[in-house]
Amino acid sequence: MSTRAAVALTQASWRTAKSYRFSFVLSFVSLAVTIVPVYFVANALQQFMAPVISSEGRDYFGFVLIGTAMLTLVSAALSSFASAVSGGLSSGFFEALLVTPTSLGPLLAGQTGYAFVWAAARAILLVGVGAFLGVDLRWLRLPEAMLVTVSVLRLTTNSATMDAAMAARRDASTVGTSYRTGTGR
Amino acid sequence: MAVDLARLNVPVAARVPNEAPVVRVTDLWKEFPAARSFADLLRHAGRRLSPAVADVSLDVCAGEFVGLLGPNGAGKTTLLKILATLITPDRGTVTVGGHDVVTAAPSVRQIIAPVLANERSLYWRLSARENLELFAALLRLPVHDVRRRVDEALDVVGLSDAGRKIVGQFSAGMMQRLLVARALLGSPRVLLLDEPTRSLDPAAARAFRTFLREELGTRRGCAVLVATHRTEEAFELCDRVVVLNRGRVVAAGPARELGEALTGTRYSVHTLEPNHHALEELVASAKARRVAATSEGVGRWWRVELEIDGGDASARVVLSALITAGMPIARFERVVAPLGEVIERAIARSGLP
Chain E
1 MSTRAAVALT QASWRTAKSY RFSFVLSFVS LAVTIVPVYF VANALQQFMA PVISSEGRDY
61 FGFVLIGTAM LTLVSAALSS FASAVSGGLS SGFFEALLVT PTSLGPLLAG QTGYAFVWAA
121 ARAILLVGVG AFLGVDLRWL RLPEAMLVTV SVLRLTTNSA TMDAAMAARR DASTVGTSYR
181 TGTGR
Chain F
1 MAVDLARLNV PVAARVPNEA PVVRVTDLWK EFPAARSFAD LLRHAGRRLS PAVADVSLDV
61 CAGEFVGLLG PNGAGKTTLL KILATLITPD RGTVTVGGHD VVTAAPSVRQ IIAPVLANER
121 SLYWRLSARE NLELFAALLR LPVHDVRRRV DEALDVVGLS DAGRKIVGQF SAGMMQRLLV
181 ARALLGSPRV LLLDEPTRSL DPAAARAFRT FLREELGTRR GCAVLVATHR TEEAFELCDR
241 VVVLNRGRVV AAGPARELGE ALTGTRYSVH TLEPNHHALE ELVASAKARR VAATSEGVGR
301 WWRVELEIDG GDASARVVLS ALITAGMPIA RFERVVAPLG EVIERAIARS GLP
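Same order as they appear, the protein sequences are chains E and F. Position 98 of the first sequence, counted from 1, bears residue number 98 in this note's numbering, the numbering being contiguous throughout. Position 262 of the second sequence, counted from 1, bears residue number 262 in this note's numbering, the numbering being contiguous throughout.
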């Protein structure tokens with residue numbers, strides 16, 4: 001796999017996102033701010049929810065926080081492939097990529113790389129804010145958590161790749177072509 | 001009296017290829033499923049196919065410009081996409097630099113550079129330089145060589161001073177130039193240009209065509225395929241022209257000869273004296289036939305349309321006679337027939353139904 005190509009595409013998306021400075025900063029700030037009401041609501045529900053989640057630990061806010069962080073990652077894994085392919089096909093950018101000597105794997109990795117990095121940054125920020133607000137995180141179990149996260153992402157990424165193939169096939173039939181990503185001869 | 005000689009529209013002399021073609025298309029077919037209504041789908045099972053490219057054969061040599069001229073849906077872009085390895089053909093063979101586009105697509109992509117997509121295929125929030133650096137990575141150029149190649153590409157298209165400017169601030173012409181710079185990064189042997197002057201005004205389009213001709217044809221010796229629906233673009237820019245209609249080749253040949261046969265023999269003279277005696281004498285001696293004379297509404301200028309048989313050589317004789325006789329002429333140019341007429345004439349010549 002051409003790592004250089006994937007990194008170059010991810011960097012280009014990162015620079016594009018960064019160029020919208022206000023929106024970029026605001027997205028981080030809004031994430032940090034929206035978690036505060038969740039903190040108060042979770043604390044209000046703590047006494048009712050604690051028995052329900054007893055097998056997952058007793059801190060309801062921590063439970064919601066980790067779930068939200070995981071949801072951020074899974075959403076990125078599920079949607080980024082299809083949106084990268086369908087968006088690229090409709091703008092013509094994907095065609096410009098496909099006619100380069102770089103193979104399809106690095107192109108897809110590069111097109112979705114930024115979405116994953118961004119989702120990871122949001123998840124880390126969520127966990128960081130949670131830690132600041134007093135969530136009891138067991139850092140020693142971080143490797144296990146990472147393993148579970150990677151396994152879940154692998155599963156969802158496989159589904160997402162199929163979704164992307166369907167998007168490519170649908171878009172390809174719309175314009176009457178059979179792209180390398182979609183239907184063959 | 002001023003004669004705009006740049007508008008005399010003298011076609012570029014056809015090159016005589018002296019080596020094996022870089023691009024070879026033989027008996028190419030590509031069909032797509034035809035769009036059908038739901039009711040039609042219920043009545044008739046199975047797919048109905050409609051040919052996008054039907055039995056097309058053509059060769060392109062190094063340094064040669066070949067124009068694909070046709071209306072929308074003629075199969076021009078499909079043909080370019082097949083050459084670019086984006087679409088697989090149904091039948092026939094297509095080779096680029098000796099590599100088959102189906103079985104050796106990666107090798108084809110090393111030597112071919114399509115400018116197929118529009119300006120949306122650029123990152124608008126990045127600078128021209130950053131866009132080119134991205135594609136240098138995708139084209140696998142050596143890391144130590146990227147800066148030099150990017151500088152060179154920007155210089156060639158005249159964007160050296162705009163390298164650090166955001167692409168979103170570029171004019172349409174600058175974006176077209178940047179797309180060409182991107183295509184030139186990998187030093188391709190074959191360039192595919194799809195409607196290269198689509199979003200340019202007439203003056204910018206003419207300047208861009210001159211640039212393409214000099215840089216790609218004369219300096220780099222690239223084989224260039226140009227898909228266009230602009231008649232004047234095909235016949236001005238290209239050495240040879242292939243006229244496509246509904247996926248089929250209806251005419252093909254050297255631009256000069258085909259242009260004279262298909263684009264008509266009509267010329268316009270912009271003059272202050274539409275009834276000048278020299279003009280009357282030429283009409284009387286049957287060297288030219290007067291078609292129409294219309295006032296241009298600016299000053300006392302008139303536009304007189306003439307039919308002149310014998311192509312540009314005869315037109316030069318007529319122009320020379322008018323100037324010698326002292327007729328005040330501001331402009332003398334060939335009136336290129338609209339695409340529809342060109343296609344009709346090509347179909348009539350080919351004998352196709």
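These are computed hints drawn from the structure, not numbers from a lab. Each residue gets a CB set at the ideal place from its N, CA and C atoms; glycine is no exception. Possibly wrong hints are sitting among the right ones.
Sample of chain F residues facing chain E (criterion: CB under 10 Å; computed from the structure) [claimed, not checked]:
| id | residue |
| --- | --- |
| 1 | A104 |
| 2 | Q110 |
| 3 | L122 |
| 4 | E130 |
| 5 | L134 |
| 6 | A136 |
| 7 | R182 |
| 8 | A207 |
| 9 | F211 |
| 10 | V317 |
| 11 | V318 |
| 12 | I347 |
| 13 | G351 |
Label-pair restraints from in silico Cβ distances [what the hints assert, rightly or not]:
| id | chain 1 | residue 1 | chain 2 | residue 2 | range |
| --- | --- | --- | --- | --- | --- |
| 14 | F | A348 | E | S19 | 52 to 62 Å |
| 15 | F | L49 | E | V148 | 42 to 52 Å |
| 16 | E | L142 | F | R120 | 41 to 51 Å |
| 17 | F | A172 | E | G105 | 32 to 42 Å |
| 18 | F | G168 | E | S54 | 37 to 47 Å |
| 19 | F | D151 | E | R15 | 48 to 58 Å |
| 20 | F | D151 | E | E56 | 57 to 67 Å |
| 21 | E | F22 | F | S171 | 23 to 33 Å |
| 22 | F | D40 | E | A32 | 19 to 29 Å |
Going down the list of hints, with the structure as the test:
Taking 10 Å as the C-beta contact cut-off toward chain E, the hint placing A104 (chain F) at the interface is violated, the least distance being around 12 Å. With its C-beta approaching chain E no nearer than about 6 Å, Q110 (chain F) sits inside the 10 Å limit, and its interface hint holds. Restraint check, L122 (chain F) versus chain E: the minimum CB separation of about 8 Å is within 10 Å; hint holds. Hint on E130 (chain F) holds. Least Cβ distance to chain E is approximately 7 Å, under the 10 Å limit.
Because the beta carbon of L134 (chain F) sits about 5 Å from the nearest beta carbon in chain E, less than 10 Å, this interface hint is met. Restraint check, A136 (chain F) versus chain E: the minimum CB separation of about 8 Å is within 10 Å; hint holds. Because the beta carbon of R182 (chain F) sits about 8 Å from the nearest beta carbon in chain E, less than 10 Å, this interface hint is met. The beta carbon of A207 (chain F) comes no nearer than 24 Å to any beta carbon in chain E, farther than 10 Å, and the hint placing it at the interface is violated.
With a cut of 10 Å, the hint placing F211 (chain F) at the interface with chain E is violated, because the nearest CB-to-CB distance is about 21 Å. At a threshold of 10 Å, the smallest CB-CB gap from V317 (chain F) to chain E is about 48 Å, leaving the interface hint violated. Using the Cβ-Cβ criterion of 10 Å, the hint placing V318 (chain F) at the interface with chain E is not satisfied: the shortest such distance is roughly 46 Å. For I347 (chain F), the interface hint is violated, the least distance from its beta-carbon to any beta-carbon of chain E being 24 Å, above 10 Å.
With its C-beta approaching chain E no nearer than about 29 Å, G351 (chain F) sits outside the 10 Å limit, and its interface hint is violated. Separated by about 55 Å at the C-beta atoms, A348 (chain F) and S19 (chain E) satisfy the suggested range of 52 to 62 Å. Our hint of 42 to 52 Å for L49 (chain F) and V148 (chain E) holds, since their Cβ atoms are close to 49 Å apart. Range check, L142 (chain E) to R120 (chain F): about 42 Å between beta-carbon atoms, so the 41 to 51 Å window is met.
Hint check: A172 (chain F) to G105 (chain E), Cβ distance near 34 Å, so the stated range 32 to 42 Å holds. One distance hint, 37 to 47 Å for the beta-carbon pair G168 (chain F) and S54 (chain E), is violated here, with the actual separation near 55 Å. A C-beta distance of roughly 20 Å is found between D151 (chain F) and R15 (chain E), which places it outside the suggested range of 48 to 58 Å. Checked against the given bound of 57 to 67 Å, the beta carbons of D151 (chain F) and E56 (chain E), roughly 58 Å apart, stay inside it.
Under the hint 23 to 33 Å, the C-beta atoms of F22 (chain E) and S171 (chain F), about 27 Å apart, fit the expected range. At roughly 56 Å, the beta-carbon separation of D40 (chain F) and A32 (chain E) lies outside the given 19 to 29 Å, and the hint is violated.
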